[in-house]
Amino acid sequence: KRQGMNCLAIHRPDIAFAVEEAGREMSKPALGGWVRLKRIGRYLSHRPRLTLEYLWQPMPKQVHIYTDAGWAGCTRSRKSTSGGCIVLGKHSLKSWSTTQSFIALSFGESEFYAAVKASAEGSGMIAMLRDFGVTVSGRVLGDASAALGIIHRKGVGRIRHIHTVLLWIQQTAAEKRLVYEKVLGAENQEDLLTKYLIAEIIDRPCTCSLLQTPRPKETIRQLNWVSIFCRWQKLVTSLKLAALSDGDRHA
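Going by the numbering used here, 44 is the number at position 44 of the sequence shown; the sequence numbering is gapless.
No lab work stands behind these hints, which were simulated from the structure alone.
Don't be surprised by glycine CBs; every beta carbon is placed ideally from N, CA and C.
Please note that the accuracy of each hint is not assured.
[Stated by the list, open to error] Below, in silico cross-link-like pairs of lysine-lysine (DSS-like), each with a Cα-Cα straight-line distance of 25 Å or less:
hint, residue 1, residue 2
1, K94, K79
2, K94, K182
3, K94, K195
4, K195, K38
5, K61, K28
6, K79, K195
7, K61, K182
8, K94, K176
9, K61, K94
10, K28, K79
11, K90, K195
12, K79, K90
13, K195, K182
[Unchecked claim] The calculated label-pair distances, taken between Cβ atoms and stated as ranges, are:
hint, residue 1, residue 2, range
14, H152, T75, 26 to 36 Å
15, K176, P58, 23 to 33 Å
16, G133, V35, 41 to 51 Å
Work out the full structure: start from the sequences and follow the hints.
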């Protein structure tokens with residue numbers, strides 16, 4: 001059941017953090033993990049569907065990578081959670097909610113690790129777009145000034161316990177391969193991927209505008225009829241083309 005939830009969370013950012021937290025007990029299942037899975041199931045029974053909207057837009061020149069962290073969210077291991085999403089214009093390309101492998105000793109440190117994860121994901125997305133012939137720049141947006149301070153300095157400074165392997169992000173910022181800027185916490189999209197939120201907050205436009213938009217049942221029915229009509233048109237067109245090709249072949 002956990003594996004099925006994990007596959008579903010790829011396309012449902014509203015349950016990504018809950019599934020990530022439930023997966024902590026996957027190796028040694030306990031009663032608490034079963035309770036979390038039941039809560040996720042009850043949520044999905046009331047919200048069975050979310051839709052991704054990819055409306056027509058001019059080709060953007062920049063990819064926005066939003067990042068956030070939930071510091072020491074796990075009460076057992078005290079590990080933090082990294083959350084983020086990659087947005088091209090108004091189109092959400094990817095989102096994630098993962099447990100950090102290092103134990104962060106401060107809020108700024110956990111945000112720094114989340115920014116490293118976002119930079120790696122954003123660099124990979126920019127490289128993939130370049131392979132498709134689309135050249136864009138990248139901008140990493142986070143709401144932690146402490147993490148931005150670590151990124152824009154050189155070396156570890158007083159935080160000597162941070163692994164030097166992760167300091168490649170400082171060179172990335174110095175060479176301006178990615179631009180790092182601060183965004184207000186109210187405008188950051190990633191609370192959905194790093195914290196437990198109630199349904200009223202999930203439904204706010206600032207939370208769902210760049211990820212996924214919940215639709216009422218009436219709209220879902222309209223979309224179903226539209227999709228059926230489009231499929232019917234495609235079927236009729238394909239049959240006409242097949243009839244024309246058969247006629248040319250007999251002629």
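query = Given the proposed pairing of K61 with K28, does the C-alpha separation stay at or below 25 Å?
reply = Judged against 25 Å, a Cα distance of about 46 Å means the pair is violated.
ask   = Under the criterion that the straight-line Cα-Cα distance not exceed 25 Å, is the pair K195, K38 satisfied?
value = 18 Å, holds
query = When you check the alpha-carbon spacing of K90 and K195, does it fall within 25 Å?
reply = Satisfied, since the Cα-Cα distance of roughly 23 Å is no more than 25 Å.
message = Next pair to validate is K61 with K182; report whether the Cα-Cα distance is within 25 Å.
response = Holds, at roughly 19 Å.
Satisfaction of hint between K182 and K94, Cα-Cα up to 25 Å = With Cα atoms ~20 Å apart, K94 and K182 stay inside 25 Å; holds.
query = Under the criterion that the straight-line Cα-Cα distance not exceed 25 Å, is the pair K94, K79 satisfied?
reply = Distance ~23 Å between K94 and K79 Cα, so the pair holds.
ask   = Would the pair K79 and K90 pass a check requiring their Cα atoms to be no farther apart than 25 Å?
value = 32 Å, violated
ask   = Given the hinted pair K195 and K182, is their alpha-carbon gap at most 25 Å?
value = Distance of about 20 Å is within 25 Å: holds.
message = Next pair to validate is K61 with K94; report whether the Cα-Cα distance is within 25 Å.
response = Between K61 and K94 the Cα gap is close to 17 Å, so the pair holds against 25 Å.
message = For K94 and K176, compute the direct alpha-carbon distance and say whether it is at most 25 Å.
response = 23 Å, holds
ask   = K28 and K79: Cα distance at most 25 Å?
value = 17 Å, holds
task = Using the beta carbons of H152 and T75, state whether their distance is inside 26 to 36 Å or not.
result = 33 Å, holds
Of the hints listed earlier, those the structure fails to meet are numbers 5, 12, in rising order.
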